[in-house]
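For this one, chain A is given, so just place chain B on it according to the hints.
2 protein chains.
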Amino acid sequence: MRYAILGTGVVGRTVAARLDSLGHEVVIGTRDPGTTLARAEYAAWQEAHPRVSLADFPEAARQGDTLVNATGGKVSVAALTEADAAHLDGKILIDIANPLDFSKGFPPSLDPVDTDSLGELIQRTFPQLRVVKTLNTMNCEIMVDPARVKGEHTVFLSGEDADAKKAVHGLLSSFGWPDRSILDLGGIETARGTEMLLPIWLRLMGALGHSEFNFHIQGA
Amino acid sequence: MRYAILGTGVVGRTVAARLDSLGHEVVIGTRDPGTTLARAEYAAWQEAHPRVSLADFPEAARQGDTLVNATGGKVSVAALTEADAAHLDGKILIDIANPLDFSKGFPPSLDPVDTDSLGELIQRTFPQLRVVKTLNTMNCEIMVDPARVKGEHTVFLSGEDADAKKAVHGLLSSFGWPDRSILDLGGIETARGTEMLLPIWLRLMGALGHSEFNFHIQGA
Chain A
0 MRYAILGTGV
10 VGRTVAARLD
20 SLGHEVVIGT
30 RDPGTTLARA
40 EYAAWQEAHP
50 RVSLADFPEA
60 ARQGDTLVNA
70 TGGKVSVAAL
80 TEADAAHLDG
90 KILIDIANPL
100 DFSKGFPPSL
110 DPVDTDSLGE
120 LIQRTFPQLR
130 VVKTLNTMNC
140 EIMVDPARVK
150 GEHTVFLSGE
160 DADAKKAVHG
170 LLSSFGWPDR
180 SILDLGGIET
190 ARGTEMLLPI
200 WLRLMGALGH
210 SEFNFHIQGA
Chain B
0 MRYAILGTGV
10 VGRTVAARLD
20 SLGHEVVIGT
30 RDPGTTLARA
40 EYAAWQEAHP
50 RVSLADFPEA
60 ARQGDTLVNA
70 TGGKVSVAAL
80 TEADAAHLDG
90 KILIDIANPL
100 DFSKGFPPSL
110 DPVDTDSLGE
120 LIQRTFPQLR
130 VVKTLNTMNC
140 EIMVDPARVK
150 GEHTVFLSGE
160 DADAKKAVHG
170 LLSSFGWPDR
180 SILDLGGIET
190 ARGTEMLLPI
200 WLRLMGALGH
210 SEFNFHIQGA
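Chains as they are written, first to last, in numbering that gives the first Met the number 0: chain A, 0 to 219; chain B, 0 to 219.
Careful: at least some of the hints might be erroneous.
The list treats identical chains as interchangeable, and a pair is accepted whether it falls inside one copy or across any two copies.
[As the list claims (entries may be wrong)] Here are the simulated lysine-lysine pairs, DSS-like style, with alpha carbons at most 30 Å apart:
1) K73 <-> K149
2) K103 <-> K90
3) K165 <-> K149
4) K90 <-> K149
5) K149 <-> K103
6) K165 <-> K90
7) K90 <-> K73
8) K103 <-> K73
9) K73 <-> K165
Honestly, the hints are just simulated from the structure, not real lab data.
Just chain A, with the same shape it has in the complex:
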């Protein structure tokens, strides 16, 4: 399977490295590869992960069988628009982003929120994609290595396409998520619920002083 990860931040790189270590082909998509490679942090990471390639959004989307949205939530639609509709048709998009809005300071608010969500916005804007919202409710190290948190904890799935959710479930299994920890909430509308976990996630990080925790639904 060839994965295209949209977004060059720590979340995208962490997922890319994990997919690479599992033997998948991985291309990371960015607006301008030259600018990305000029960032010392990215260049160092690229050197440590020579099998992962870097391309602009349309080329990355063209190459990927499955796409992962790891861009900032506020620019996700722009990135996918740039990726070119012809390269999205019928593909699964795993949306792990959150629409955090830092314009009013920290902690960020969400936009959209409550009566809409980023997951829905992407699905609505790109109906040719099969959007599955997942993994957006924890730090990226835990996404790809759930054993980092001791005890049972939960990852959520939201999406309209049952086959796409089944495929993403399989990918989560390969990351180490037990079946009993993968909770299908229903359609993409339920992404409102998981995105709205971010405000308490941020305040928990503040109260606990670390981000090595996750939500567990006890009694599910």
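Leaving out everything else, chain B in the frame of chain A:
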């Protein structure tokens, strides 16, 4: 300790019955006691709980040493305004309500949300109260009997007044909450986080087909 529970719905009655069973004096506050007693459901409950009294909002607030806000979130400020500022001075208000807005159908949205919360709105509107937001993230049976859900699960505290949070912590202990399950998030601003759990709580109830679950913060 004498508790005044504002609100005659199932949440208020469940908390009132538990406080009564623990030997506290309990008065339930409502807009018009005559109208409340004319409701067959309430009258039957009242007959089963003869030690719990019913009064209008100002009289209930006058009698209570500690207040519990179990009104609908959209009418909480109106109920407290009716309760009369003179009866609130210096008292702890345990806010277990959520600002659910059913005007757009089900599932409800929240108002206020994200950049404000009901907990903050009440604290801001009634600075003479010491507001502690808690228990609003689970069904009311679990609030007063956490052993209903097997395994570890979490109750959150938000509030500005350390002594008030300590007193509420003690009340939660008497309900059966172990110390390790009571998680102090910080100031009343953190109520934004717990109120924003409601959207996923409602969707979990839909996906699971029951409400006998609770959030647990694994790794806290």
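Structure-based check of each hint:
1. For the identical chains of this complex, K73 and K149 are neighbours neither inside a copy (33 Å) nor across copies (39 Å), given an alpha-carbon limit of 30 Å.
2. In this homomeric assembly, K103 and K90 never come within 30 Å of each other (Cα to Cα): the closest approach is 35 Å inside a single copy and 33 Å across copies.
3. Taking identical chains as interchangeable, the C-alpha atoms of K165 and K149 lie at most 30 Å apart whether they share a chain (26 Å) or sit on different chains (29 Å).
4. Taking the shortest alpha-carbon separations for K90 and K149, neither the intra-copy value of 34 Å nor the inter-copy value of 40 Å comes in at or below 30 Å.
5. Neither within a single protomer nor between protomers do K149 and K103 lie at most 30 Å apart by alpha-carbon distance, with minima of 35 Å and 40 Å respectively.
6. In this assembly of identical chains, K165 and K90 lie within 30 Å of each other by CA distance solely inside one copy; the values are 14 Å within and 53 Å between copies.
7. For a Cα distance limit of 30 Å, the shortest separation of K90 from K73 inside one copy, 22 Å, qualifies, whereas the shortest one across copies, 43 Å, does not.
8. Taking the closest pair of Cα atoms, K103 and K73 come within 30 Å of each other both inside a single copy (14 Å) and across two copies (26 Å).
9. For the identical chains of this complex, K73 and K165 are intra-copy neighbours only, at 28 Å inside a copy versus 40 Å across copies, given an alpha-carbon limit of 30 Å.
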